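Visitor: One-letter residues, chain by chain:
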Amino acid sequence: MNRIDCLRALAPYVTDEDYVVISLGGTALEWNAVRPGDNNLYLVAMGSNTPVALGLALAAKHRRVILLETDGALLLSLGALATLGNVAPPNLRAFVFDNEGYERVRHDISATKGKTDLAQVAQACGIPQATTVRTIEAFADAARTTMGGSDLSFTVVKVEPGIADVPGRKSDGLEDKYRFVRYVERLEGVSILSTYRARLE
Amino acid sequence: MSQALTDAVISGLKEARIDFISYLPESKLHDVYDAVLADEDFEVVLGTNEGECASICAGAWAGGRRAALIMENSGLRVAAEALSRLGLGHGLPVLMIMPFRGDIGDVDWWAQPHGITLIPFLDGMRIPYRVVDKVEDVAPAITAAYETLGASKHHVAVILSLRVFE
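Going line by line, the protein sequences match chains A and B. Position one of the first sequence corresponds to residue 22 (the numbering used here), numbered consecutively onward. Position one of the second sequence corresponds to residue 2 (the numbering used here), numbered consecutively onward.
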């Protein structure tokens, strides 16, 4: 199963009123090609994707937050699953694209190629609905079910290594931040980027 | 920990209109943790390490909340990777409040590394900070720190000297 096929299957369920937090590497490149938009928060911060998505989900409880996580990034902060299980924001949909390696740096072994099962870890952390899908049909079914649901979801998506032939991204982390937060300001009608005193006035 | 200090921290948080807190507990500020957990003005998330807590705060900030991370200063070392990536790489800021364990006069041997590494770590990550020595300066430091955070879009730290715990 290729990641980009999964992203194409997921995209129709994502609206401009959802927020999407995206891990780095091929996942970001492919999602940008499949569904570009200022509601995407691209992060190059392994270990921070899941907790950033959790904080965002708590800040925007009336929105769906979709997390496109990766195995290497999540493995860097497995404790985040314990917090996620305890907080269990019902508006968060987590998809972990697990290629069992660190593809961007050409190393094809991560812990999930061995004995580590992220869905079982998530279940043990209090996310009983965590599951693993291994076929595009199973992913499409999981995307439809979880995106239409009303609870926290956590779907590990076993994908083949490889990055689709898609254009690169030209923005840096600061530009990505500004585009996303300006979008939140417009959508929510709030002021985030102005200074403290200006926000009080 | 005095009630006056607890009140000062809570007052500073409220004057800065902080409404979201992520934390890991430590001994010096235990009364503050109890106070924020009991106060419905704050949404409070207990994390599993300080890097995770910083990331939770950054996500909450991006969604429009005014967030603070409360932790021991040792947590700065744990959070260094997340703070560097999110702050220097993305401009997603986090307000941090922490005691100055290992400060001059700290009697605990295990706290000495916290004191030795605190300021170099802050300087290394270009994080502005204020060390507060008096209880009456705590609340103004928190509100000023959030102003700097808003203007700089970078992390800011408020460090409570051991003197404020006396």
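By construction, these hints were calculated from the structure, which means they are not laboratory data. Since this is a predicted model, take the numbers as computed values, not measurements. Here a beta-carbon is modelled for each residue, glycine too, at the ideal position from N, C-alpha and C. Hints should not be assumed to be uniformly reliable.
Under the rule of at most 25 Å between Cα atoms (straight-line distance), these lysine-lysine pairs were calculated in the PhoX-like manner [to be verified]: (1) B:Lys29 <-> B:Lys135; (2) A:Lys82 <-> A:Lys134; (3) A:Lys82 <-> B:Lys15; (4) B:Lys135 <-> A:Lys82; (5) B:Lys15 <-> A:Lys191.
Okay, the calculated beta carbon distance ranges per label pair [said to hold, decoys possible]: (6) A:Arg127 <-> B:Leu89: 17 to 27 Å; (7) B:Trp110 <-> A:Asp172: 40 to 50 Å; (8) B:Lys15 <-> A:Gln150: 35 to 45 Å; (9) B:Val108 <-> A:Asp129: 24 to 34 Å; (10) A:Pro33 <-> B:Trp110: 37 to 47 Å; (11) A:Arg127 <-> B:Ala5: 56 to 66 Å; (12) B:Arg164 <-> A:Ser215: 42 to 52 Å; (13) B:Gly90 <-> A:Asp59: 16 to 26 Å; (14) B:Ser153 <-> A:Arg207: 47 to 57 Å; (15) B:His31 <-> A:Gly58: 38 to 48 Å; (16) B:Arg164 <-> A:Ile184: 50 to 60 Å; (17) A:His128 <-> B:Ala5: 34 to 44 Å; (18) B:Asp8 <-> A:Gly147: 26 to 36 Å; (19) B:Gly106 <-> A:Gly169: 27 to 37 Å.
Visitor: Run every hint past the structure and note whether it holds.
Guide: Each hint tested on the structure:
1. B:Lys29 <-> B:Lys135: Distance of about 15 Å is within 25 Å: holds.
2. A:Lys82 <-> A:Lys134: 35 Å, violated
3. A:Lys82 <-> B:Lys15: Holds. Lys82 of chain A to Lys15 of chain B sits at ~22 Å (cutoff 25 Å).
4. B:Lys135 <-> A:Lys82: 38 Å, violated
5. B:Lys15 <-> A:Lys191: 40 Å, violated
6. A:Arg127 <-> B:Leu89: 17 to 27 Å: 26 Å, holds
7. B:Trp110 <-> A:Asp172: 40 to 50 Å: With Cβ atoms ~48 Å apart, the hint holds.
8. B:Lys15 <-> A:Gln150: 35 to 45 Å: This hint holds: roughly 37 Å between Cβ atoms.
9. B:Val108 <-> A:Asp129: 24 to 34 Å: 51 Å, violated
10. A:Pro33 <-> B:Trp110: 37 to 47 Å: 60 Å, violated
11. A:Arg127 <-> B:Ala5: 56 to 66 Å: Given about 57 Å between the Cβ atoms, the range holds.
12. B:Arg164 <-> A:Ser215: 42 to 52 Å: 35 Å, violated
13. B:Gly90 <-> A:Asp59: 16 to 26 Å: Roughly 19 Å apart at Cβ, these two residues keep to the hinted range, so it holds.
14. B:Ser153 <-> A:Arg207: 47 to 57 Å: 23 Å, violated
15. B:His31 <-> A:Gly58: 38 to 48 Å: 44 Å, holds
16. B:Arg164 <-> A:Ile184: 50 to 60 Å: 55 Å, holds
17. A:His128 <-> B:Ala5: 34 to 44 Å: 54 Å, violated
18. B:Asp8 <-> A:Gly147: 26 to 36 Å: Holds - the Cβ-Cβ distance for Asp8 of chain B and Gly147 of chain A, about 35 Å, lies within 26 to 36 Å.
19. B:Gly106 <-> A:Gly169: 27 to 37 Å: Hint violated: Cβ distance 59 Å, outside 27 to 37 Å.
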